[in-house]
Amino acid sequence: MLTVENLRKSYQVGKTSYEVLKGVSLQVGKGEFVAVMGPSGSGKTTLLNCISCYIPADSGSIRLGKTELARLNGDALAEVRNKQLGFVFQDFLLLDGLTVRQNILLPAIIGGIVSDMTEQRADQLCEVFGIAAIRDKYPAEISGGEKQRTAVARALINHPLLILADEPTGNLDSKSTRAVIRSFEQAKSALEATIFMVTHDSYAASFCDRVVILRDGVVWRTLEKGNTERETFQDELLDAIREMGRSDN
Amino acid sequence: MRHFSEVYALMRRKNKQQYALLAGCCFFSVLLITAYVCMMRAPTILNVLPEGGDSRKQIMMIFALAVLGCAVFTTYASGLFFRQKSRETGVFLALGASRSQVRRELYRELGVISLGSCAAGAALGGPLAWGLWQVFRLCVVDTEEMRLVFNPAAYVWSLAFSAFVIVMMFLLGSRSVKRTNIIDIVQESHTSEPIRDVPRWYGPVGIGLLALGGFLGYMSSFFFIGILHWYPPEGLTGIFYLPALMGLYMILLHTVVNGWNGKKKLYKDLIATSQMRFQGRQTVRNMLVMTLLIAGAYFGSFYTPMLGTGSMIEYDTRPVDYVYNFRADQDIPLEEEVRALAEEYGVTVTDFAAVPMIRLAVDGDHHIEEEGPMGTTWRAEYEEVMSTELFLSASGYEALTGERVDLAPGELRGVVDVEGSKLGFAPDKSLVTNYLTGEQIPVTSLEPLRYDSLFGRYVMNDADFAALSAGLPEEWRETQVCFNVENCEETYDFAKALFNEIVDRSTLDVAQFSGWDPVIRDRYLAEEGVYFLDRENCAEYGFTVIDYAQRDSSAFRMSWQYMPAFRILDRMDFVKTMAVFLILFVFVAVVCFSAVFVIAYTRCMTIALTNRKVYDDLRHLGASDAWLRRSVRGQVKRVFLVPALAGTSLIYAFYVMIMYFNGSPAGITPSEAAGLLAALAVVAAVSALIYGVYRLTLARVCQALGLERSGRLPGGPALPK
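Protein chains in written order, with this note's numbering: chain S, 372 to 620; chain Y, 287 to 1007.
Just so you know, these hints were derived from the structure itself, not from any lab. Using N, Cα and C, we set each Cβ at its ideal position, and we do this for glycine too. Please note that the accuracy of each hint is not assured.
To give an idea of the chain S side of the interface with chain Y (calculated C-beta under 7 Å), a few residues [said to hold, decoys possible]:
#1 Y425
#2 G468
#3 L562
From the derived model, a few chain S residues whose C-beta atoms are all more than 12 Å from chain Y [to be verified]:
#4 E403
#5 S432
#6 A447
#7 L448
#8 A449
#9 L456
#10 D462
#11 R472
#12 Q557
#13 Y574
#14 T593
Taking lysine to aspartate or glutamate and the EDC-like style, the derived pairs with C-alpha atoms no more than 16 Å apart in a straight line are [unchecked claim]:
#15 Y:K899 / S:D462
#16 S:K508 / S:E498
#17 Y:K782 / Y:E630
#18 Y:K300 / S:E512
#19 Y:K782 / Y:E623
#20 Y:K302 / S:D467
#21 Y:K782 / Y:E669
#22 Y:K343 / Y:D483
#23 Y:K300 / S:E498
#24 S:K393 / S:D587
#25 S:K437 / S:E498
#26 Y:K715 / Y:E689
#27 Y:K715 / Y:E669
#28 Y:K343 / Y:E630
#29 Y:K464 / S:D446
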């Protein structure tokens, strides 16, 4: 589904160049729910931005399905963002002037593919994520959790190959966090969605099938959940992070 | 909702205030420019603003400033619009819209907004100018001269400005789509525009440069022309104002980056100062334009009080109620007829005096202009027969004024005004000539006499007067009449009737522009074959053609060689005479102040939008709404207060300097002082208006940041220590 190979990215600040990604390689299979964790400055957001086609990588490869993203021009990348990727942002990025249902339909409208079926799918997504009752409300009238569930539904409207989530629970309380994570699980189980999530939150990451931990721009460790209980997996994640902290010292 | 354009329509509905602000700004700027141009290019106005004259130059300069102001505020309003729209654009791009797709929708919107608002502004600009003019005619003065006729060519300017607005909006729109960084939107990050460290000496040095530039700019032409005898090319003297502009920029930089409070209040103003510092470049540019516009607006606003106060004082301090002179070949009413006319109007004439005057040639320095590699230079060449002046005998002067003047043969005294001003008049002469007979008398000029109503005349010994009168025909002889009336305030109808009588009975031979001089005429005819002040040449050379039918026009009353000076007529008709100037300058002030208000408002709203996240963070850190409002006030106040203070003091100091140096000798006369006081009253009124707009803007900014008022003033609570 998603293959990242030897990805490198550096930023120029004044005369100094900072290499943020120093050769990251990873794979995400179809239907997988993968999280990326790591301390600030480890490169996780840069990795997500490269995969999202927001910024170009310096070298390396990002393949989505059979498409090599690095070779695409601006319009083609926009097409990929619209048709093959779904996005969930920390700040939701819902448009205030549109209702919940209209926000969900937005990627389809941008792609020019709204049909009766699309509208039915929007309604279906509202049902799946428990926001049917508020579908005609505006973002200003709903809670943070409801906003993020709307954003998840929006990310799924175009049947994307991959959902990219950037700290989706970063602005939410614990109750809303649980609801959003549940919506990701529903997307995965009911809609066979593939999810790639960047997070600081070990609780949110503990629901994932696999967690990739970045440190200093490289993959430091990958933890597989397998059949481990969620709570145990969260403890493993916390242990790994503590270990990384000790080795830093 | 299935189409992208429908999403845009919904967003438009949601953000209709932003659209209204942008459309309103475009409409307003084109409306103001169109109205201004319609008025400025109207033959009605051009007739009273002589080609190449100072008034026309001032109006053009302020027009340029108004265009700049309108261009700036439209550009900033557009910038604000696109900044507000950037989140929406970023979301579209993040969700997979292509830039061309977004650009297409945006262009469609901009096309409607820009074309619609510009067309409306251009269409209504003319009617606005006409409407304002009619209101002015209705409320203040209505004369034939005030009939406003538009020149359709004015619309070329309007179209040009509209084209600028439309092109600018499309360019900014395109740039905004091109530059919208999805990362910025997704991560809510903003780029700042910090200014490098500004040393604290920028403030005081800036003030020094400002004063120096103002002084050098104003005095440079005196230096070039008076001392170097060189006419500098157009615009060169303007370069000397550049230190003032630099100084102003330094002052504003210092204000934005360092503030004037010193380190004592560093923590008190920390948030406001820091936030402004990080939007410094644009803020300082904004403030600079605002300062110049405020200065321009005041320049227009001061015209009326300065002129009005000065004129009223001049009318009131005239020693005689009624003064006029006429050429001896004219059949103009004298005592008997004047008394008869006065009787008809129930007016009692007192102190009537009519004495003969003669026109004699005087010596002086002739300025000869020469073209050379450096441009035009001039040299003074002494001429025994330079120009002509009007002479009274000592006994004639006594008859008119009651003041006895003892003059020995060969002694001469010029007459200056009661304040001793010699502006435009050189009382020191050494040779007087009867131009027709060639009879000459060397003279010694004594201390000038002071008598307002006879300013510019010369007084000589009776015997000299008689000797030089010999052989002069009627065209070279005049009669000077002075008289008073009882209850002068109630004699307007009589004054009007006498004025009409004088004009009606004057022949075309004396329909001369003031300054027409037979000696200078002969010289011009001999050297160049044409004299620019001859009636048939006036229009060609940009001077008013004296037309008796236009006797109530400002052009006539300000330019006729034989215009009577009747205290009550001048006072009552002041507004009528100066109407064209008054409304034009009032209009200029309205345009400039409007531009200032819109720029300040948009800048403050930009600050609010840019800093929204900072205020959220501060709130999370425990800052109260009152404390946050105080911080907002710190920024909004600076945007308003600094340009207002700088612009006001700049133009006021400049006005004082002009008043000081434009007299001869230099100094401020009582009438100028009164005018400056009246200008201060205007400053107070306008400052109150600026304060009102500031409060309104502050409220809107607080509202935009969710800092609703909770009964306490922004400055109310004590700051955390």
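Status of the hints after comparison with the structure:
no. : hint            : in the structure
1   : Y425            : holds (5 Å)
2   : G468            : holds (3 Å)
3   : L562            : violated (18 Å)
4   : E403            : holds (22 Å)
5   : S432            : holds (21 Å)
6   : A447            : violated (9 Å)
7   : L448            : violated (9 Å)
8   : A449            : violated (4 Å)
9   : L456            : violated (8 Å)
10  : D462            : violated (6 Å)
11  : R472            : violated (9 Å)
12  : Q557            : holds (21 Å)
13  : Y574            : holds (22 Å)
14  : T593            : holds (26 Å)
15  : Y:K899 / S:D462 : holds (12 Å)
16  : S:K508 / S:E498 : holds (15 Å)
17  : Y:K782 / Y:E630 : holds (13 Å)
18  : Y:K300 / S:E512 : holds (14 Å)
19  : Y:K782 / Y:E623 : holds (15 Å)
20  : Y:K302 / S:D467 : holds (13 Å)
21  : Y:K782 / Y:E669 : violated (42 Å)
22  : Y:K343 / Y:D483 : violated (40 Å)
23  : Y:K300 / S:E498 : violated (27 Å)
24  : S:K393 / S:D587 : holds (8 Å)
25  : S:K437 / S:E498 : violated (33 Å)
26  : Y:K715 / Y:E689 : violated (22 Å)
27  : Y:K715 / Y:E669 : holds (11 Å)
28  : Y:K343 / Y:E630 : violated (46 Å)
29  : Y:K464 / S:D446 : holds (13 Å)
In terms of the numbered hints stated before, the structure departs from hints 3, 6, 7, 8, 9, 10, 11, 21, 22, 23, 25, 26, 28, listed from lowest to highest.
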